[in-house]
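Novice: These protein sequence lines are chains A and B, in that order. Per our numbering, the first sequence starts with residue 18, numbered consecutively. Per our numbering, the second sequence starts with residue 18, numbered consecutively.
Simulated from the structure, these hints should not be mistaken for lab results. Predicted model only: the values in this text are computed from it and were never measured. There's no promise every hint is true.
Identical chains blur together in the list; that is why a pair holds if it fits in one copy or across any two.
Straight line, CA to CA, 25 Å or less: simulated PhoX-like cross-link-like pairs of lysine-lysine [said to hold, decoys possible]:
hint: 1; residue 1: Lys222; residue 2: Lys173
hint: 2; residue 1: Lys276; residue 2: Lys433
hint: 3; residue 1: Lys420; residue 2: Lys222
hint: 4; residue 1: Lys222; residue 2: Lys446
hint: 5; residue 1: Lys222; residue 2: Lys306
hint: 6; residue 1: Lys435; residue 2: Lys276
hint: 7; residue 1: Lys196; residue 2: Lys276
Number of protein chains: 2
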Amino acid sequence: MNERTSHRVAVIDLGSNTARVILMSAVPGYSFRLEDEIREVVRLRQGMTTDGLSPEAVERALSTLQLFSRFCRSVGADIVLATATSAVRDAANGPAFIAQVRDEIGLDLRILDGEREAYYGVIGALNEVATDHCGILDIGGGSAQLSEVGDRRYRKGISLTLGALALSERFIDSDPATKREIRALREEIEIQLDSIAWIDELAGKELVGLGGTIRNLAKIDAAARGYPLNTLHGYSLSRDAVDQSIADFRGLSLNQRQKIPGISSDRADIILAGALVVAAVLRRLDIDKLTISTSGLREGIFFEHYLRDLPEPVMRDVRGFGVLNMARNYRYHEQHADQVKLLSGRLFEELEPLHGYGPPERGLLAAAALLHDIGTTVAYDGHHRHSQTLIHYNGLSGFTPRKIALIALLARFHRKGKPDTAGYEGLLKKRDAAVLTRLAAILRFAEFLERGRNAIVSDVLVDWDDEELRITVVATEHPAVELWQAERNAVPLMESAFGRRVRLRWEGEVGR
Amino acid sequence: MNERTSHRVAVIDLGSNTARVILMSAVPGYSFRLEDEIREVVRLRQGMTTDGLSPEAVERALSTLQLFSRFCRSVGADIVLATATSAVRDAANGPAFIAQVRDEIGLDLRILDGEREAYYGVIGALNEVATDHCGILDIGGGSAQLSEVGDRRYRKGISLTLGALALSERFIDSDPATKREIRALREEIEIQLDSIAWIDELAGKELVGLGGTIRNLAKIDAAARGYPLNTLHGYSLSRDAVDQSIADFRGLSLNQRQKIPGISSDRADIILAGALVVAAVLRRLDIDKLTISTSGLREGIFFEHYLRDLPEPVMRDVRGFGVLNMARNYRYHEQHADQVKLLSGRLFEELEPLHGYGPPERGLLAAAALLHDIGTTVAYDGHHRHSQTLIHYNGLSGFTPRKIALIALLARFHRKGKPDTAGYEGLLKKRDAAVLTRLAAILRFAEFLERGRNAIVSDVLVDWDDEELRITVVATEHPAVELWQAERNAVPLMESAFGRRVRLRWEGEVGR
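Just need the whole structure built from these sequences, with the hints factored in.
Specialist: As structure tokens, this is what we get:
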């Protein structure tokens, strides 16, 4: 395995409530991963007046940025991208603060205007979700952004003062909030939504949700439902779930809300306001759910740098790159994985009249073929289970939870065991048990035709009658290990998946 | 991270019932890991007569070895070490078979005599367990070996025809076995044990058990007890548990035995005979348990090669190397881990009068310091939990299950959370909750004093009174990030662990 040169990109994000630094390790055009993260509550809006940020807030921000900057130096960040959003943007003394940061810390802190903030959220999301046209809602502490995406491009966006913290501070004094407070808050949300001239263009379209508040709403819903994956990638948060959460939050004091399974303790005080914004947007757009993106502003800033050689910093094939990125991060054996992908793809094609599946299932098979062995990074023993866990834990960009579950299960059953959807029932369709069994049979067959990991088999041909499936393995020399291992380990599942006896033969390469 | 050159060592082991090939990836003096494994049932003893192996058995063995040999070539094994044990050793036509293997396959298959077989089992075990003096019992299919270890060296050993398969075939025809059959089997075991002139020298000593049958007995016991670790490293199998298993097996038909949780389906027919051997040896030596080694013959053959530069192929410090091997296999950040180990060791020393712990606890802390971040190989998010899982799953050579659990928990709590022994109660002592809390406090402190990962802190000094713990951090320049992060993230646990308010200060290096 050749070691590629990675570099480290730090993104600093000075938000209204929280400052964060993430450290990404990146190999251009190859892979990236999160390597470190620090967050610090700075409460920048506290004590803000028409003069701007209070001296105490400036002090806290400076000291935090100083520490972030030292941290970036000490861990060897090659590039530091630092931005500030609504609090600094709205402050009369924002420019003076930026100058002070440059002078005292030597850090070039960029103030993002509202549209730029919306843009980066969109860039982050588009590199994780695979939609072409959608609305994107990003709720932060100070502001919220609503944007429109067409043909996988940012079209337009607007920043509203609908941040969960800003709204809570302005409208909610009681614990729990009174009916009157909530009514006033709702009116404010409606007024601001009314101000978006083009909001109706988003009506009925898919909506993607970003930011900690929305993620936390999804996490609470996931906990209540016993959601089987460990990631919120592609999670579908329904309007009913949001309404249910609002009803729950309203009746509870802060102390009681803290005990809701899945809630982040430092969001329990502002999550009701955030949930009201989500509910209002869903109602306004007349849609019944939104899809979570776990990437947003910070990732958008990272991707602008990472994908700087593209005309727009948005991957065309977010699924394909996501799979490769995971495989590469777990140091997969590229040649072996490619060969299993090739052979399983050929089997899939040859068997098409029998299974009748199309591009979606083929995509699952290809992803599983590339990822089936990543669990060896944990241990050889039980590596099929470790592969499952790694996929299940991390999720896969652009895939729905159902597809993530199926890819994880294909990896699980790539070498042994009777395919079984146990644990994922809530995510799967009825027909998925059959999909799993057939694709696992194909994947396993390809895996054992590549048992010697030297790409000895160049093709596979299949024909059949009602009784028998005849599989012809094409190779320049006799693939003894592969035939033996496929016969032993892959034929039984193939027979049960396609309801026919399997006969396996070898054919020398014949100048086809 | 510099990529070291690894080579691949294949070990082929042609046993009486099963043939196996393991492929080890090894970097001399640095690390090794299992990379692949194939096993094939050859039933070499089936149809064996005074003329030796039957023609069918020879055919099966030749074809299996041919495939193993091709497999080794195709995966790029640099070295292939092939051995045969009791069936070939006992067969009149064994030498002819060896010649045929050489001529037809080009494989140099070495017949191990009984003592050599015992020797390799001992070498395998001594590189996994940390005892100096012990007996070692290895039960295979055809034979069983009993050996004596003194000063971590093989002293003597003997091979007996007490293999689980051989005994079952000779004595058990009924299902379940009759009283009479069991009596005859027991008598045979006693006669053979009587033949070992030096067996009493092992009386009262520690006994280490190897081989699939013994591992399976441990696995059954572990399943019944709800054992929390996923590994049998260092598992203690009690005489009571073996007696209980024998009582259970005796009353059940093969079909019923197959359903016992933890039993290997291809051992259910021979495990009773194996259990009777274990019970007889424990009784004879008057000891009440044995300790499992998961390494045996094949690993012994590998270690003879891997450690060939040592006078004896046995590690002196099996714990130390096991920890490093795991850290290296998970590509730890060596400089960071060493620094956390150094600082946590210094804190441990300085605080010694307060905690009163000695070398055993310090060993746990050092292991956890080297391993705390290995979970980043899985993902940065939640890496403390991943570190715990990796340790918990793989085990650690030379450590008892209790210590493995404590090291896993220290990794778990190295950066956040309130230390808690939940899930491991059965393995831990009463005082371990306090041990965990104090060592986790120390480890966490050291971790945050190395937050910038650049070894800026060179030492830590501690003094205290009844109220206050004063921690002086020594560094050439002001360790701003480290003081901030330690204050934020490590002080609270330190305060509760040592019952004092913590005051943190920095001191420039003063030519100490």
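Novice: Tell me the numbers of any earlier hints that the structure contravenes, in ascending order.
Specialist: none
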